[in-house]
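These protein sequences, in sequence, are chains P and E.
The C-terminal position of the first sequence is numbered 624 in the working numbering, with every residue numbered one higher than the one before it.
The C-terminal position of the second sequence is numbered 382 in the working numbering, with every residue numbered one higher than the one before it.
The hints are simulated quantities; they were obtained by calculation from the structure and are not laboratory data.
On a predicted model such as this, the values are computed, not experimentally measured, just so you know.
Incorrect hints may have been included.
[Stated by the list, open to error] Negatives, chain P to chain E, calculated, CB over 12 Å: (1) D140; (2) E181; (3) P508.
[As the list claims (entries may be wrong)] Some chain E residues judged to face chain P by a derived CB distance under 7 Å, without partners named: (4) H246; (5) P248; (6) R251; (7) L265; (8) A266; (9) G267; (10) R269; (11) A349; (12) G350.
Where a beta carbon is used, it is the ideal one built from N, C-alpha and C, also for glycine.
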Amino acid sequence: MNDVLKLEGVTKSFGAYKALDDVSVDFRQGEVHGILGVNGSGKSTLLKCVAGYYVPDSGKASVSGIELPWGSPEAAAKLGIRFIHQDLGLVGEMSVIDNLALGTRYEGRAWVSDRRERRRALQLLQQVGIDVDPSAPVWRLTKTEKTMLAVARAMRNGFSEKDVLLLDEPTASLSSGEVRVLFELLRSLSRRGVAIGFVSHRLREVLEICDRVSVLRNGRCVASRSTEGLSERELIDLLVGAPLSEVYGSNSEPVASPRVLLEARGLRGGALHELDLTLHEGEVLGIAGLDGSGRELVSRLLVGADAWESGSIVLNGKTFERLHPDITVQNKVAYVPADRKSQSLLPGFSLRENLTLAKIGTRRKGWLSLRDERRDSAHWLDRVHVDQRNVELPISLLSGGNQQRVVIARWLRFGARVMVLDEPTQGVDVAGRSAIYDSLADASRAGTGLIIVSTDSEELVSVCDRVLVLFDGRVALDLDRDALLAGGTAVLDRAILSGVPEAEGVTGEY
Amino acid sequence: MSIDEGVDGVPATVQDSADESTARGRKGYRDAVRWGAEKLELHRFSGLYILGLFILIFALWIPDTFLHVSTLRNIVTSQSITGVLAVGLVCAMAAGAFDLSFAQAAGTGSILAAILTTSFHMNVVLTVVIVIAYGAVVGLVNSLLVNWIGLSSIVTTLGTSSVLLAIDEKLTNENYIAGIPRSFVTAINGTILGIPEVFVIMVAVVLLGWYLLVHTPQGRRMYATGHASEAARLAGVRTSRSILYGFLASGLAAGVAGVMLLAVVGTGDPTAGPSYLLPVFAALFLGSTQVHPGRFNVWGTVIGIFLLGVGVQGLQLAGYSEQWISDLFNGVALLLATGFAVRNGTLSLRR
Numbered sequence: 115m116n117d118v119l120k121l122e123g124v125t126k127s128f129g130a131y132k133a134l135d136d137v138s139v140d141f142r143q144g145e146v147h148g149i150l151g152v153n154g155s156g157k158s159t160l161l162k163c164v165a166g167y168y169v170p171d172s173g174k175a176s177v178s179g180i181e182l183p184w185g186s187p188e189a190a191a192k193l194g195i196r197f198i199h200q201d202l203g204l205v206g207e208m209s210v211i212d213n214l215a216l217g218t219r220y221e222g223r224a225w226v227s228d229r230r231e232r233r234r235a236l237q238l239l240q241q242v243g244i245d246v247d248p249s250a251p252v253w254r255l256t257k258t259e260k261t262m263l264a265v266a267r268a269m270r271n272g273f274s275e276k277d278v279l280l281l282d283e284p285t286a287s288l289s290s291g292e293v294r295v296l297f298e299l300l301r302s303l304s305r306r307g308v309a310i311g312f313v314s315h316r317l318r319e320v321l322e323i324c325d326r327v328s329v330l331r332n333g334r335c336v337a338s339r340s341t342e343g344l345s346e347r348e349l350i351d352l353l354v355g356a357p358l359s360e361v362y363g364s365n366s367e368p369v370a371s372p373r374v375l376l377e378a379r380g381l382r383g384g385a386l387h388e389l390d391l392t393l394h395e396g397e398v399l400g401i402a403g404l405d406g407s408g409r410e411l412v413s414r415l416l417v418g419a420d421a422w423e424s425g426s427i428v429l430n431g432k433t434f435e436r437l438h439p440d441i442t443v444q445n446k447v448a449y450v451p452a453d454r455k456s457q458s459l460l461p462g463f464s465l466r467e468n469l470t471l472a473k474i475g476t477r478r479k480g481w482l483s484l485r486d487e488r489r490d491s492a493h494w495l496d497r498v499h500v501d502q503r504n505v506e507l508p509i510s511l512l513s514g515g516n517q518q519r520v521v522i523a524r525w526l527r528f529g530a531r532v533m534v535l536d537e538p539t540q541g542v543d544v545a546g547r548s549a550i551y552d553s554l555a556d557a558s559r560a561g562t563g564l565i566i567v568s569t570d571s572e573e574l575v576s577v578c579d580r581v582l583v584l585f586d587g588r589v590a591l592d593l594d595r596d597a598l599l600a601g602g603t604a605v606l607d608r609a610i611l612s613g614v615p616e617a618e619g620v621t622g623e624y
Numbered sequence: 032m033s034i035d036e037g038v039d040g041v042p043a044t045v046q047d048s049a050d051e052s053t054a055r056g057r058k059g060y061r062d063a064v065r066w067g068a069e070k071l072e073l074h075r076f077s078g079l080y081i082l083g084l085f086i087l088i089f090a091l092w093i094p095d096t097f098l099h100v101s102t103l104r105n106i107v108t109s110q111s112i113t114g115v116l117a118v119g120l121v122c123a124m125a126a127g128a129f130d131l132s133f134a135q136a137a138g139t140g141s142i143l144a145a146i147l148t149t150s151f152h153m154n155v156v157l158t159v160v161i162v163i164a165y166g167a168v169v170g171l172v173n174s175l176l177v178n179w180i181g182l183s184s185i186v187t188t189l190g191t192s193s194v195l196l197a198i199d200e201k202l203t204n205e206n207y208i209a210g211i212p213r214s215f216v217t218a219i220n221g222t223i224l225g226i227p228e229v230f231v232i233m234v235a236v237v238l239l240g241w242y243l244l245v246h247t248p249q250g251r252r253m254y255a256t257g258h259a260s261e262a263a264r265l266a267g268v269r270t271s272r273s274i275l276y277g278f279l280a281s282g283l284a285a286g287v288a289g290v291m292l293l294a295v296v297g298t299g300d301p302t303a304g305p306s307y308l309l310p311v312f313a314a315l316f317l318g319s320t321q322v323h324p325g326r327f328n329v330w331g332t333v334i335g336i337f338l339l340g341v342g343v344q345g346l347q348l349a350g351y352s353e354q355w356i357s358d359l360f361n362g363v364a365l366l367l368a369t370g371f372a373v374r375n376g377t378l379s380l381r382r
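This is chain P alone, in the form it adopts within the complex (with noise of 0.2 Å):
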């Protein structure tokens, strides 16, 4: 089989950092080809170097014997090269035809014939082979049709043996049986010549479709080989590095006081099928997984800021078998959320008001006092170590380390019993994480029980008492301390991929 898209030696650097370092793939005609790779190995990198979106520091791409020049989408995408995003890029408000339609010149020139765009779109329907209502909007149609829908969009010049086509995790979002119907038409179309290659995280899957892999680890290529004869674990293997020392997956108690906070029992809403899990006084619990998980569910249903389908939260003692945030936080649990622009703080106002926004109230009755407030507020400042004398200045001139310092600020001065962080340290540099970690530290040593849902597996491994690592929807693996003391991210990122432990006699369910 000829190589249609060829890259060699590319390296991608952001400042220090060596997103993609001398990289050489090829993808082949009428071949699947899977890109694998844990969080930030650089796969998406790669792929975004392909379709024009950023330029590679060094390195070649050429397309059929044709040198593809870098940055330019359209070059790209006239040399046959397709591409789909990770949000698939489809407007929801839009039927179906309207979306084929998109970013071409509309067929008719002057005058837009619905007929025959009509016609035009059933045929596209159908070479994917999806039996949707053409005219029905977008946001109708389910994940999977969707995701078809966007490879109809990719194809819709017609195939062609020069073509390749790329995904950026399409799967991300899709239950197994989803999963394989995409497989499919991906199989379909490579049998008819077209080059594909996509980024996935789903082990097992990837080893059914793919008929070659290349795995990255920290922006280098460590593999590029046929599946054949390539085993789930071999492929972890290669996925993660280091040898897997057999110690995990024990269910000792863990070292915290066994007073018990937060409960929660078979919550299930969206991707989320059945979560169980109990949260100790002072106890730090982190929970990993994959997108698509449930992982990124977790926290919005814990607080109530989400309604879920079934299941309770036990909150001091009261079972709720729904919740509102104004609820929880009566009941003394805080949620620090991963968008901090639009969920945490409020943009506009004075540091002062965004760290008394949970508890707004100075020791007189019936009059708040701003200089009490602002006393106050110094205090807790200084608290977290943000360096800020000035109370009133606008929170948005900080950073974002020193916004989320104040978010965590406004619930100790709350005195929060849980809190529940995610992606704690999202967009935080290095100084700044350290500085929020102490902070939570001091609060788990008061007593406060922390909950955090991260996609950093070295922030789990170093900040967490025990992790659950959620997959397909589900608790897979409760990992102690000991377990990650010893396995170390390794340990994290083998379950997260695959969601067993490989130790013999542990069972996956807990």
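Take the given structure of chain P and dock chain E to it, following the hints.
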């Protein structure tokens, strides 16, 4: 020509030093201006200085008519109803509740008061209590529609406004209601120690609004709701309650203003309400560039009201008494003030 040579053959070093000295001079001047602006707190109280300027201009231009107690009384009386309505609106808008119904609510309130005092011969106290209660009901209905049904506040209040107008027209058959008892008019449009009573009411409402918004936790929660509703909700603020209080304040203020309106006009005027809509909004947005820029606030709004009031009254006394002149004045003042504030970055009204 290379850059090192300087321009026009002047050696680069000489030119540099010349540039430097003029730059220093300009910088010194700019610093002085900035220092002055800071001392005068121009970014917060520019409206007050412009108000002073207006008074100075009119005092020099038409000293005989402008510098008279009756002028002051006129301005104060005519702006009191605007002031009461504006304080209510500040509360609603602070909580993110866009209220378009307050003006018609006040108009219908004054018709209600007129009917209660004429047809039902009710005494002053009972009339006032009923009309204020009516205002509270208007606020409650607005907040129910917004909170429970989830309608946008603009659509809701546009709807309720039209319903209130219909009630107004049905009650009056679009005629004036005359024969308001003197006892009612004097009880509300009288003077206390020479100060117009309506002005005293306005001052009381202003103080109350300021206290509630700035010096109670609930007021802060209302501002948080209006500013970043989702962030406030996730921090435990009951945002629906903030919206309820906002509409309630606006409705109560409309009730109070309705009573004042009847007493000031002296007859039940079925078309009086809507004329307050634009001036109150103008004062509100003008006010959001003052005292606490970027936030709807009570004292800023009071500055806005008197700025507009003095300007319009002065122009009228100077002989420019047509309605279009005062409307033009209101509109231009609003656009200038908010335009400057948005350009300065002290205000964001782009949302």
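So, going through the hints one by one against the coordinates:
no., hint, result
1, D140, "holds, 46 Å"
2, E181, "holds, 39 Å"
3, P508, "violated, 9 Å"
4, H246, "holds, 5 Å"
5, P248, "holds, 4 Å"
6, R251, "holds, 5 Å"
7, L265, "holds, 5 Å"
8, A266, "holds, 5 Å"
9, G267, "holds, 3 Å"
10, R269, "holds, 5 Å"
11, A349, "violated, 40 Å"
12, G350, "violated, 44 Å"
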